[in-house]
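Colleague: The listed protein sequences derive, respectively, from chains E and U.
To convert, note that position 164 of the first sequence is 164 in our numbering; the numbers rise steadily by one, no gaps.
To convert, note that position 114 of the second sequence is 114 in our numbering; the numbers rise steadily by one, no gaps.
Among the hints, erroneous ones may be present.
To be verified - Beta-carbon label-pair distances, calculated as ranges:
(1) U/R75 <-> E/E100: 38 to 44 Å
(2) U/T560 <-> E/P233: 36 to 42 Å
(3) E/R462 <-> U/D44: 57 to 63 Å
(4) E/G197 <-> U/G342: 34 to 40 Å
(5) U/V502 <-> E/R462: 36 to 42 Å
(6) U/R75 <-> E/R346: 34 to 40 Å
(7) E/Q344 <-> U/E556: 52 to 58 Å
To be verified - Where chain U lies over chain E, by a calculated footprint (3+ residues, C-beta under 8 Å):
(8) 298 to 307
(9) 409 to 416
Everything labelled a hint here was simulated from the structure, so no lab data went into it.
From the three backbone atoms N, C-alpha and C, an ideal C-beta is built for every residue, glycine too.
There are 2 protein chains.
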Amino acid sequence: MNNRYIDYNQLLMANHYQAPLSLMRLAINQAAATAGVRSLEGYDEILSDLAEPILESAARFAGEVLSPLNSVGDRNPSRCEPRGVVTPPGFVEAYRRFREDGWASLAAPAEYGGQGLPTLVSAAVTEMWGGANLSFAMCPELTVGALEAMRVHASAQLNDEYAPRLASGDWATAMCLTEPQSGSDLSTLRTRAEPDGDAWRLFGRKIYISWGDHDLTDNIVHFVLARTPDAPPGLRGISLFLVPKKVPSATGTLEKNDIDAVSLEHKMGIRASPTCVMVLGEHGGARGWLIGRLNDGLGCMFTMMNHMRLGVGLHSLGLAERSLQLARVHARERLQGRDAAGAQRRIIEHADVRRMLLMMKSLTQAARGLAYTAAATLDVAHSAEGDDGQRTAAARRVDLLTPVVKAWCSDVGVEVASLGVQVHGGMGYVDDAEISQVYRDARIGPIFEGTNYIQAQDLLGRKVIRDKGAALGELLADIEKAAEELPAVVAHPLAHLRSGLVDGCWRLRKATASLIEQSAREPDLIGAAACHFLNWLAVLAGGWQLALSARQAALEFDATAARAVVDLAAFYATHVLPRVYTHEAAVTQGTQCVTALTADL
Amino acid sequence: MNNRYIDYNQLLMANHYQAPLSLMRLAINQAAATAGVRSLEGYDEILSDLAEPILESAARFAGEVLSPLNSVGDRNPSRCEPRGVVTPPGFVEAYRRFREDGWASLAAPAEYGGQGLPTLVSAAVTEMWGGANLSFAMCPELTVGALEAMRVHASAQLNDEYAPRLASGDWATAMCLTEPQSGSDLSTLRTRAEPDGDAWRLFGRKIYISWGDHDLTDNIVHFVLARTPDAPPGLRGISLFLVPKKVPSATGTLEKNDIDAVSLEHKMGIRASPTCVMVLGEHGGARGWLIGRLNDGLGCMFTMMNHMRLGVGLHSLGLAERSLQLARVHARERLQGRDAAGAQRRIIEHADVRRMLLMMKSLTQAARGLAYTAAATLDVAHSAEGDDGQRTAAARRVDLLTPVVKAWCSDVGVEVASLGVQVHGGMGYVDDAEISQVYRDARIGPIFEGTNYIQAQDLLGRKVIRDKGAALGELLADIEKAAEELPAVVAHPLAHLRSGLVDGCWRLRKATASLIEQSAREPDLIGAAACHFLNWLAVLAGGWQLALSARQAALEFDATAARAVVDLAAFYATHVLPRVYTHEAAVTQGTQCVTALTADL
């Protein structure tokens, strides 16, 4: 009689994703305060009255509908059949409920019939979807960014025809960027668009297209990067096209377009999410419509992509939270070792297991604070009111934070999932254990929607060096201010956090000034320093967020719960914040041995 | 036409494991010098004359026979059928050649008919097997430790009957420790052994038994931990039994014993390696013979286990090397971005890719030096000559290094494999890419043969605090000496390495003294500090090894190759060595918030 299987399966059945509502609320409130969103019209009411029931309903949907399908999807990946891509059992029904319950339209603009909820609230909901079922979550997330790109760049006619169907979730979207020869470097795109009356015909092959085909919706609207005849070479000759799977006619019928998924990738993780090879124009050309201006495709795509980057950060954060939950349940149930009185101990009582759980929880809450802060700041940047200076400052801050959120949260997702496996021991290495799926799923985060190096290069090159460190300086000033304003009651337990943040900011300012000065002379410097620079800033920003959490918890939580948050911040100060010294050494002393290397690797 | 698949498959076909012979030789020579093995009788001749052809033949076997089967095994995991476990296609034939070519007997003692090669040489060969095909490599590695346990603890009769068949590789071995309720904590073992004439009958269920059944050999000799009637409770009541799959009769026939694999785990990685649930005694009891003294089973098992821990370190190191090779080939082929003249660049020319490859290579060579040093020191400890003091000192050093090698090399294996995935981008996330298998395979290293926390606890509790830091002090003195004796020619490029090592050793000494003093009063301190303590020492020891590599390379390599090694050491000094500050903060300032934590996790 092998008890392990029985116990473990029972455990799993009772152990679906549970949204950490009180820590989410804490992060929402601290992000709202940091970004100053409550002064925007209607925002305070939304946070006070609407947010709570929305978060509670989303938590139920995530835990009861999406989470139980997560391992189903891993064991029964999407399949490419002659009639199209077939998703795992239960996904079609789950999506139907998702749409009917209004989740698809949550963040969609009101002008398209969406609910137009603030990004700050939808960010918490997005985290839940990612934590419960990343493969599923990726599909609706694509639409949120697509609608933003439509709103900003597409013609009124295209918007009329497509946006409401996207906003309702009736139709889905996909981003078609990558080609076999063209990944991080989009300048080598070959897919071509030829004029055809007032529209275009597209021909080419795209790979790694997430949710490029599926059976969740009647139609899928593809956003395709392609070159037109006589377009300039490189990045300046790329345009963005809307290419529907089925073209709606004037009478409302849908006519099959010349774009098909011809195969799926078999992947390490996110196996329910169909990663398609798409072929356009095998039968005369896929009908497409230009979005935005000719040859301005990258600009249009980045409106969409920036949203997706925040989405990757939030989903990764959800996976970190899920890893913590799985590890915590395991650590509470599993008996190993004995206490002084000879009784068996739950492994959560062992100091090293506590250390791992604290690491997981402190990284997760730090990442949550940072991602929500980016979301709240985006709401300010997009708001119709407020003075221009406030909106511009918010937009600058979002530009700075977006690559940090994408890269750091996805790295945190991988690190926390790996700790989750370790807490499980051998039980975490078998396919039965959901943590092993989470570990495999999390590994895509640092790769897709721009690798984490692409994020780091964007941060250091475009967001820091280009404005000579101005936006960064504003952020560091905020971090220093939070460190210096820690309430007296936590001044002692958080002494290391305070000194670490103040010292770390000072050092980062100094290093940044030096990088700005050197980068003009050393073309490879940004490449050699970027990843460590991003992580240096991220580790400081994470500490900032936990300082704010400790402060906010003193206002909102009872003494025990507030103390737990202070403990997380104190743990972070001694176990994570010192990583700044590694990043500093790599940035200030280590670029020479990367750029000057002449020897064979 | 999708070129990606064609190119990539062609690439894979030409891209089997290649043993890094010149860096292996370098590490062998520096380990031999550190441990002082050349003064042992016959050793110098072996290193000078025998080692080279052995390493070259092993490299061919690893690259031509084992490596091509690696992904085959991942795609066709071992299966449990009524007739027993069936290994993936090609494994039986590969093992036949492995045995016939003499690889099974390489490290087996001459008294059993083995070749009795020094551990230092077999360590490099073990690394190759792990790098080429970890699942396969695990099987013969078990026998090396088992023979050592037999030699030290088993009766002459058992040795006569079993050891020569194990030494030749005719029969295989398996270690049966874990039970559903009993993993890291073996005190709760329930498998029981009842006396039966001059032998025993065993009854129980064991899980996670690597290579517990298979079709590579006619017989499998299990080493089983069990309790006898009236044994004292806990760890002091456990004995070790030899339980063959088939019992040899006086006439040489083999009679089926009452031990069977009833199912296999489906795992994230090492899928070709059958991880068995074993049932003993369903039909009257499995016949077994006691090894060593009654109730001294843990001591006997640890003779075997200590060898396996070195083996895990070497295999993990092999995976790190393999990740580097896969990433390097990809980085040399893949074009993304353009140079100043507008030509497409191979991604190996991008600074951040170079940074990742340098990280992979410097960690791998540092880990190699450390693992080989442990192997060479083991040869001194086991040698028949030399004074007792030398042997005792060597044994003390091996005891200290073994947990560091197991834990750090396996963590390095995971870190380097993850970097390897990152260098591949999206192509590293699909099942076609061997790097995605290596990433999954590597994750078992920190878990099995004692989790890395068990290693850290062993290091800090038993190997450091118990002797009041004496053995550690000797090691730190060697590290400081190597730092201070860096040749003048590399003094400038390695200035950071020198100062980092000297400073890091000083700080670790101070922290150790404080831990020794505090640990008597604070029972949870070891648990809270152990993992960071181990990694602190490991990072310093890795730097030590690269300092020695730089010195050795100046003697052996031409100027270009020697410079490449110095570059690795310089990279390590600025990108890895500063991690000591994180470990120091956790050990010296961070244990309070782990042990004193009262709040709910």
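Colleague: If a hint holds in the structure, say so; if it does not, say that too.
Modeller: Hint-by-hint comparison with the structure:
For U/R75 and E/E100, the Cβ-Cβ distance of about 41 Å falls inside the hinted range of 38 to 44 Å, so the restraint holds. Checked against the hint of 36 to 42 Å, the C-beta distance between U/T560 and E/P233 comes to roughly 38 Å, which is consistent with it. For E/R462 and U/D44, the Cβ-Cβ distance of about 59 Å falls inside the hinted range of 57 to 63 Å, so the restraint holds. Separation of E/G197 from U/G342 is about 36 Å and conforms to the stated range, judged on CB atoms against 34 to 40 Å.
For U/V502 and E/R462, the Cβ-Cβ distance of about 40 Å falls inside the hinted range of 36 to 42 Å, so the restraint holds. The supplied range of 34 to 40 Å is met by U/R75 and E/R346, whose beta-carbon atoms lie about 39 Å from each other. The beta-carbon spacing between E/Q344 and U/E556, approximately 55 Å, falls within the hinted interval of 52 to 58 Å. Taking a C-beta to C-beta cut-off of 8 Å, the region 298 to 307 of chain E contributes 0 residues in contact with chain U, too few for the three needed, and the coverage statement is violated.
Figure legend: the region 409 to 416 of chain E, annotated as covered by chain U; annotation inconsistent (1 residues with Cβ-Cβ distances under 8 Å, at least 3 required).
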